[in-house]
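**Student:** Sequence:
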Amino acid sequence: MDKEVDGLLHNPYIATLAYVSVAVLALIVFLYCFELVTRYNCWREIKQGNLSVAMATGGKIFGISNLFRFSIEGGDSVYQSMAWAGFGFILLMAAYFLFEFMTPVFRIDEEIKKDNRAVGLIAMIISVSLSYVIGATVLS
1 MDKEVDGLLH NPYIATLAYV SVAVLALIVF LYCFELVTRY NCWREIKQGN
51 LSVAMATGGK IFGISNLFRF SIEGGDSVYQ SMAWAGFGFI LLMAAYFLFE
101 FMTPVFRIDE EIKKDNRAVG LIAMIISVSL SYVIGATVLS
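Counting in the working numbering, the sequence shown runs without a single skipped number right up to 140 at its last residue.
Do not rely on the hints blindly, as some may be mistaken.
As the list claims (entries may be wrong) - FRET-style restraints, in silico, Cβ to Cβ: (1) ILE28 - TYR79: 13 to 23 Å; (2) LEU121 - VAL20: 25 to 35 Å; (3) THR16 - GLU110: 19 to 29 Å; (4) LEU17 - ALA136: 52 to 62 Å; (5) PHE101 - LEU17: 35 to 45 Å; (6) TYR132 - CYS33: 18 to 28 Å; (7) LEU98 - ILE14: 33 to 43 Å; (8) ALA15 - PRO104: 43 to 53 Å; (9) PHE106 - VAL128: 15 to 25 Å; (10) PRO12 - ALA136: 20 to 30 Å; (11) ASN11 - PHE106: 49 to 59 Å; (12) GLN80 - VAL105: 37 to 47 Å; (13) ALA136 - MET93: 35 to 45 Å.
Source of the hints: derived by calculation from the structure; they are not laboratory data.
We treat Cβ as the ideally placed atom computed from N, Cα and C, and that holds for glycine.
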């Protein structure tokens with residue numbers, strides 16, 4: 001059975017479908033986890049036009065997708081890509097908490113909820129930047 005599945009993944013169309021399906025599922029799960037640790041509802045805030053929340057959430061989406069990109073580019077299997085994305089997600093979550101800890105003069109979540117675009121932009125850049133650093137380790 002495993003050889004059959006491996007054979008199917010050599011078909012570029014089926015492999016693409018598998019990678020995209022896993023990436024989308026992972027994004028949904030990871031964004032839900034981020035939603036649990038923030039003090040605001042991302043999608044409600046985005047619906048209301050909160051650009052800061054949109055930037056921070058977009059950075060998370062880009063970061064996780066970028067980790068998948070590096071893993072796929074490195075020739076990893078779908079399973080390895082999922083493992084790298086999970087590991088990267090944990091590191092991105094740790095960076096989120098570290099960012100919150102390193103700015104004791106204000107609460108990141110509160111500032112993003114208030115649509116402080118400077119904070120939203122920095123949150124986005126942290127997620128995107130770290131995804132490149134984490135992704136580079138996938139290729140090494």
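**Student:** Quick check on a hinted range of 43 to 53 Å for ALA15 and PRO104, using CB atoms only.
**Tutor:** 47 Å, holds
**Student:** Kindly confirm whether 37 to 47 Å is satisfied by the beta carbon distance between GLN80 and VAL105.
**Tutor:** 41 Å, holds
**Student:** At the C-beta level, are ASN11 and PHE106 separated by a distance inside 49 to 59 Å?
**Tutor:** Check passed, 51 Å falls within 49 to 59 Å.
**Student:** Looking only at beta-carbon atoms, does the pair PHE101, LEU17 fall within the given range of 35 to 45 Å?
**Tutor:** For LEU17 against PHE101, whose Cβ atoms are near 40 Å apart, the range 35 to 45 Å holds.
**Student:** Taking the Cβ atom of TYR132 and the Cβ atom of CYS33, is their distance within the range 18 to 28 Å?
**Tutor:** This hint holds: roughly 21 Å between Cβ atoms.
**Student:** Taking 25 to 35 Å as the hint, is the beta-carbon distance of LEU121 and VAL20 inside that range?
**Tutor:** 28 Å, holds
**Student:** Look at the Cβ atoms of THR16 and GLU110 and judge whether their distance stays inside 19 to 29 Å.
**Tutor:** 41 Å, violated
**Student:** Can you tell me whether the CB distance of PRO12 to ALA136 sits inside 20 to 30 Å?
**Tutor:** 25 Å, holds
**Student:** Are LEU17 and ALA136 spaced within 52 to 62 Å by their CB atoms?
**Tutor:** Violated, at about 27 Å.
**Student:** Taking the beta carbons of PHE106 and VAL128, is their distance inside 15 to 25 Å?
**Tutor:** Holds, at about 22 Å.
**Student:** Can you let me know if the beta-carbon spacing of ALA136 and MET93 is within 35 to 45 Å?
**Tutor:** Violated, at about 19 Å.
**Student:** Given a hint of 13 to 23 Å, does the C-beta separation of ILE28 and TYR79 actually sit inside it?
**Tutor:** 18 Å, holds
The structure is inconsistent with the numbered hints 3, 4 and 13, although it conforms to all the rest.
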